[in-house]
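So the protein lines, in turn, are chains A and B.
Each residue of the first sequence is one higher than the one before, starting from 61 at the first, in our numbering.
Each residue of the second sequence is one higher than the one before, starting from 448 at the first, in our numbering.
Since the hints were derived computationally from the structure, they do not count as laboratory data.
Any given hint could turn out to be false.
Each computed DSS-like pair below joins lysine-lysine, with the alpha-carbon atoms no more than 27 Å apart [what the hints assert, rightly or not]: (1) A/LYS97 x B/LYS537; (2) B/LYS619 x B/LYS488; (3) B/LYS518 x A/LYS97.
Computed footprint of chain B on chain A; a stretch qualifies when at least three of its residues, placed anywhere within it, have a C-beta under 8 Å from a C-beta of chain B [claimed, not checked]: (4) 69-79; (5) 95-102; (6) 120-127; (7) 170-180; (8) 217-224.
Selected chain B positions facing chain A (in silico; Cβ < 10 Å) [stated by the list, open to error]: (9) GLY489; (10) PRO508; (11) LEU538; (12) ARG628; (13) ALA631.
From the three backbone atoms N, C-alpha and C, an ideal C-beta is built for every residue, glycine too.
For reference, the chains in residue letters:
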Amino acid sequence: MSGPDIVMYEVEFNLIKGIMAKLRTDSNAQVVFLVDKNGQQIATAGDAEHIDATSLASLTAGNVAATDGLAKLIGEREFSILFHEGEKDNIHISIVASRVILVVIFDERSSLGLVRLRVKRASAELAEVFAGLLAKMELEKAKGAASEHATPFSEITDDDIDALFG
Amino acid sequence: MTFINYASREINCKIVYYGPGLCGKTTNLQHIYDKSNIGTKGKLISLATETDRTLFFDFLPLELGTVRGFKTRFHLYTVPGQVFYDASRKLILKGVDGVIFVADSQEERMDANIEALDNLVTNLQGQGYDFNTIPYVIQFNKRDLPTAMSVEDMKKLLCRRNEPIVEACAAKGTGVFETLRAVAKVVLQELNRGQ
């Protein structure tokens with residue numbers, strides 16, 4: 061397979077959640093999502109109950125992928141920010157560390173300028189966490205089965221798989 | 448590119464349905480959506496044209512249950528089958544964990560099947576995957592049609608590795624879950640091997 065799988069550990073997950081909660085408060089946003097470029101949701105901060113987060117993650121990733129394609133067509137490396145303005149709610153989408161997507165949903169209680177400013181700071185912090193996470197993933201991989209995070213699939217049987225389908 | 452979250456004990460895998468236009472990729476997803484229990488499935492999202500042809504992708508998240516204490520979720524995607532949507536197909540293959548090729552059994556669609564299969568091999572390569580090693584299942588769809596080619600002949604034309612083959616009639620639901628089960632099996636086996 062190309063590239064490593066993404067693995068999230070408890071420590072980094074809490075760090076990420078902390079950064080996102082702060083971003084949401086500082087930017088006065090309704091909700092903040094972190095999504096990976098393949099459409100998997102990583103973390104959320106804020107009131108996400110009325111939003112279908114799984115669909116949001118997949119559509120955001122599709123949107124970013126299509127925009128990436130457009131960028132390459134005209135010779136740009138990437139468009140690092142996307143902004144969608146609605147009547148009441150707006151979506152600010154940015155790429156963090158070329159790897160994950162930060163989505164901020166906000167209304168008239170905030171502004172594009174404030175969101176951009178706060179996203180910039182949070183992005184730098186998130187990039188640091190992800191750099192650490194990647195290094196940790198490599199280390200765990202090297203340790204292999206001896207790792208405390210050995211794959212849960214190391215002893216998977218056909219029966220386990222059949223059980224999933226009832 | 449499986450996403451394993453030790454904090455919330457979740458594993459997410461991405462499965463892509465590939466195949467020529469009108470072979471039944473969206474129909475597969477629609478059947479899974481219709482027959483799955485509420486609560487285990489999310490919304491079925493279709494980015495389609497006004498005439499219901501897939502424009503970008505269909506997406507269905509599906510929670511299968513627990514393996515070794517980890518909640519296992521499959522994200523099912525289809526690609527647009529029409530030849531001129533190649534740029535979109537490439538994007539959807541990003542981060543794929545398993546591929547289902549849906550082949551149309553009608554004799555007159557064999558050329559389209561072969562063209563789509565060649566396109567899959569090329570596009571996988573473009574994303575850094577090797578067609579010969581990626582978890583992969585082929586579905587022979589529309590077996591109920593009178594113009595369907597024999598399974599043996601289809602195997603000769605379309606099978607390029609020792610892949611699992613599932614015969615199906617997606618419109619009636621036959622073989623749809625069997626195909627999903629077959630791909631889930633090879634994806635989870637690959638996870639086991641790969642780490």
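Earlier hints that do not hold, by number | 7
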